[in-house]
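> Now for the letters of each chain:
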Amino acid sequence: MATYTALIPAIPLLGFLVLALFGPKLSRRAIGNIGVSSIGIVALLTIITGIEFIKSLPGVKSYSVVVWEWINAGNLKANISFSLDALSLVFCFVITFVGFLIHVYSVGFMAKDEGFSRFFAYMNLFVGSMLILVLADNILLMYLGWEGVGLCSYLLIGFWYKVPENGYAARKAFIITRIGDTAMIIGIFILFLSFGTFNIEGIMQQASEKWISGSSIAVLTAALLLGGALGKSAQLPLQTWLPDAMAGPSPVSALIHAATMVTAGVYLIARTHVLFNLAPVVQAAIAIIGALTLLIAGFSALAQHDLKRILAYSTISQIGYMFLALGVGAWSAAVFHFMIHAFFKALLFLAAGVVILVLNEEHDIFRMGGLRKKMPVIFWTFLIGSASLSALPLVTAGFYSKEEILWFSISAEKGGTLLWIAGIIGAFLTALYSFRMIFIAFFGEARTQPSFLPGIRMTIPLIILAALSVFGGFIELPESFGNFHLFSNLVDNTLPETITRETGYSEILFQSLSALIALTGIYLAYVIYLKKPAISESFYNSRLNKFFEKGWAFDRLYDFLFVKPAVWLSEIDKDDIFDWLNIGISRLAILSNRLLSLTQNGKLRWYLLSFTIGIALILTYMILK
Amino acid sequence: MLTVPVEIQILFAGILFLLGLIGLLVRRNMIFMLMSIEVMFNSAGLVFIIAGNHWKQPDGQVMFIFILAVTAVEVAIGLALLLQVYHHYKTLDADSINKLKDYH
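Line by line, the protein sequences give chains A and B. First residue of the first sequence? That's 1 in our numbering, and the numbers climb one at a time after it. First residue of the second sequence? That's 1001 in our numbering, and the numbers climb one at a time after it.
Just so you know, not all the hints are guaranteed correct.
Result set (SDA-like, lysine to any residue): computed pairs, CA atoms no more than 20 Å apart in a straight line [stated by the list, open to error]:
1. LYS374(A) / PHE452(A)
2. LYS1099(B) / GLN600(A)
3. LYS1099(B) / LYS61(A)
4. LYS1101(B) / PHE159(A)
5. LYS603(A) / LEU1100(B)
6. LYS1090(B) / ALA20(A)
7. LYS1101(B) / SER592(A)
8. LYS603(A) / ARG1028(B)
9. LYS1101(B) / GLY602(A)
10. LYS1101(B) / LYS61(A)
11. LYS61(A) / THR494(A)
12. LYS603(A) / LEU1021(B)
13. LYS1099(B) / ASN541(A)
14. LYS1099(B) / LEU609(A)
15. LYS603(A) / ILE1022(B)
16. LYS1101(B) / LEU595(A)
17. LYS1099(B) / PHE452(A)
18. LYS603(A) / LEU1092(B)
19. LYS603(A) / GLY1078(B)
20. LYS1099(B) / LEU524(A)
21. LYS1099(B) / THR494(A)
22. LYS1099(B) / SER610(A)
23. LYS603(A) / ASN1098(B)
24. LYS1101(B) / LEU591(A)
25. LYS603(A) / HIS1088(B)
26. LYS603(A) / TRP1055(B)
27. LYS603(A) / THR1091(B)
FYI, nobody ran anything at the bench for these hints, they're computed from the structure.
Build the full structure now, drawing on both the sequences and the hints.
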């Protein structure tokens, strides 16, 4: 059991090593087999471990295993050690299982790509790093995994590095998340200075004993950790990198920029929830940031033309929901929405990848159309994904997870009416933009003809994910009907239960309201995008639409606030005295090289004469001394 | 027996050395340069003999025999190299054999 825990991150890393060292020499078939099977084995291991873990509940709530001592210098001790509890189990399951499906899909998707082995090496490294992140039992090892996934994200966004824009997008993602990471590492230093340990459990225990709720150090540390989470999870104000990150191949967008890595922030906050409980101000900020982000990203998604950019903004918005849930203390609801979101968003990205691939790199939804009849499998799976995303009542998993968040946003102790209103507007927007994609890209007349049909390796993962996007929700049913809490019972072994307050409203009223909102959104999308497209077309050239399309002009704002001043400062600082010094040294070296190399002219007698003169001078000096 | 003062003897050896050195510097033909080196060797040997005679010690003569052996070897190697050089460049002009230099 404990050994398995250590094996889980080790196997993908082994796969990465094999592919990185021998990749170019192996056949495509062998590369695919290694890349996929390493994740497949881990997925199986995770399921076995999960079953063992659940069997041992509630007696043993976490397992730890120390693999080796990593750092031991004075007080500074950190081990390569892993611990498995309910929270990391859920994350492991999603990472390995969804990761496995995406790997299978990638074998078909990347079949003709020249960087085949490089792709699978990076993907395996990513899965390994992500597993380290969620399994680490000390915060330093977690940071290692955190940086590892950041690196893989950079490498995979810029995977097609011959196009300069892709490299730019990769650098943008790396630099913006780095801002958050810097805040986070400072937070980690403060934790170490205060408690003298990196062990997460130790830190949490000591924090709850030593720190007073609302004290400035608790608020500062929580805010710094939140900074890291905001960067990684693309939340306001560090959200601008995610839409550009879509430059990578579609399986990368599915795995890294939708299902797993971007939810690392959610994991971090859930993992260190004790700190956030001690800093109510910061926790309220999480809820507000989540609510604002989900609205801003929702409006932006509504104005995009590029299929993948719609999904990117939708991801930002859905993670906004998770942050909202974390902010009101609905921990298990956030993790539940993470899992369901991973299913349907991976499905949507993979299906979008197929659409873009068969239409010869056509990203614009307005040049698609009529795909419903051409590609029935893709259409139905995409429809299920969109329905789950827009929380179609009762039948989809997305309804159960989102409805839970919406209910807790008002009924939790830290919730509020405004948060709920933001959430419900967001739900309406979600339904609207999801079905905008469906009605524009899949209905109507065909504007581009598909060049070929996707193979079975691409469609099977879609079908499995579609099934999960529907049935995944039934493991957690609300109290008003079903009252079935398999998921929250599991997660509540690690995370505290959500504290609710008496609102005077019944849950069923709110559920019906959010169901109604989702249905209205879908109906409105049907009217303005399919039945009477003239209504929606009249908006397209409006300034507001352009503003939304540019993601609320955050890029221009940051360009004006940070990039321009930095460039200006470095321009005026280009020729300062330190530059002169360095350039002077190099010029001197070049000059003396020229002079000295004149003496090496190949003339033997010239050398002899120099000897003679030299000896004569030395002798003269010795005699005269 | 007429004795020449030791200073004169040393001076004589020094003149011989200088002649060899001048020959080495002014001649361009490498055979002659090799011969000039021989002259310089011999002047050095002569200084050993003079010193051995002056202090009535056999070491000077021993050293001269050493030098004789070393010069024999040196001449053998030198001539072999010159043969190769001539074979390669068809000339023994030291100034025209100047490939080993820095390019600027």
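> Taking the hints in turn, state whether each one holds.
Here's how the hints hold up against the structure:
| no. | hint | in the structure |
| --- | --- | --- |
| 1 | LYS374(A) / PHE452(A) | holds (10 Å) |
| 2 | LYS1099(B) / GLN600(A) | holds (11 Å) |
| 3 | LYS1099(B) / LYS61(A) | violated (79 Å) |
| 4 | LYS1101(B) / PHE159(A) | violated (47 Å) |
| 5 | LYS603(A) / LEU1100(B) | holds (9 Å) |
| 6 | LYS1090(B) / ALA20(A) | violated (56 Å) |
| 7 | LYS1101(B) / SER592(A) | holds (17 Å) |
| 8 | LYS603(A) / ARG1028(B) | holds (11 Å) |
| 9 | LYS1101(B) / GLY602(A) | holds (5 Å) |
| 10 | LYS1101(B) / LYS61(A) | violated (77 Å) |
| 11 | LYS61(A) / THR494(A) | holds (7 Å) |
| 12 | LYS603(A) / LEU1021(B) | holds (17 Å) |
| 13 | LYS1099(B) / ASN541(A) | violated (74 Å) |
| 14 | LYS1099(B) / LEU609(A) | holds (19 Å) |
| 15 | LYS603(A) / ILE1022(B) | holds (16 Å) |
| 16 | LYS1101(B) / LEU595(A) | holds (14 Å) |
| 17 | LYS1099(B) / PHE452(A) | violated (65 Å) |
| 18 | LYS603(A) / LEU1092(B) | holds (13 Å) |
| 19 | LYS603(A) / GLY1078(B) | holds (18 Å) |
| 20 | LYS1099(B) / LEU524(A) | violated (86 Å) |
| 21 | LYS1099(B) / THR494(A) | violated (79 Å) |
| 22 | LYS1099(B) / SER610(A) | holds (19 Å) |
| 23 | LYS603(A) / ASN1098(B) | holds (6 Å) |
| 24 | LYS1101(B) / LEU591(A) | holds (18 Å) |
| 25 | LYS603(A) / HIS1088(B) | holds (18 Å) |
| 26 | LYS603(A) / TRP1055(B) | violated (43 Å) |
| 27 | LYS603(A) / THR1091(B) | holds (15 Å) |
Hint check: violations occur at hints 3, 4, 6, 10, 13, 17, 20, 21, 26; the rest are consistent with the structure.
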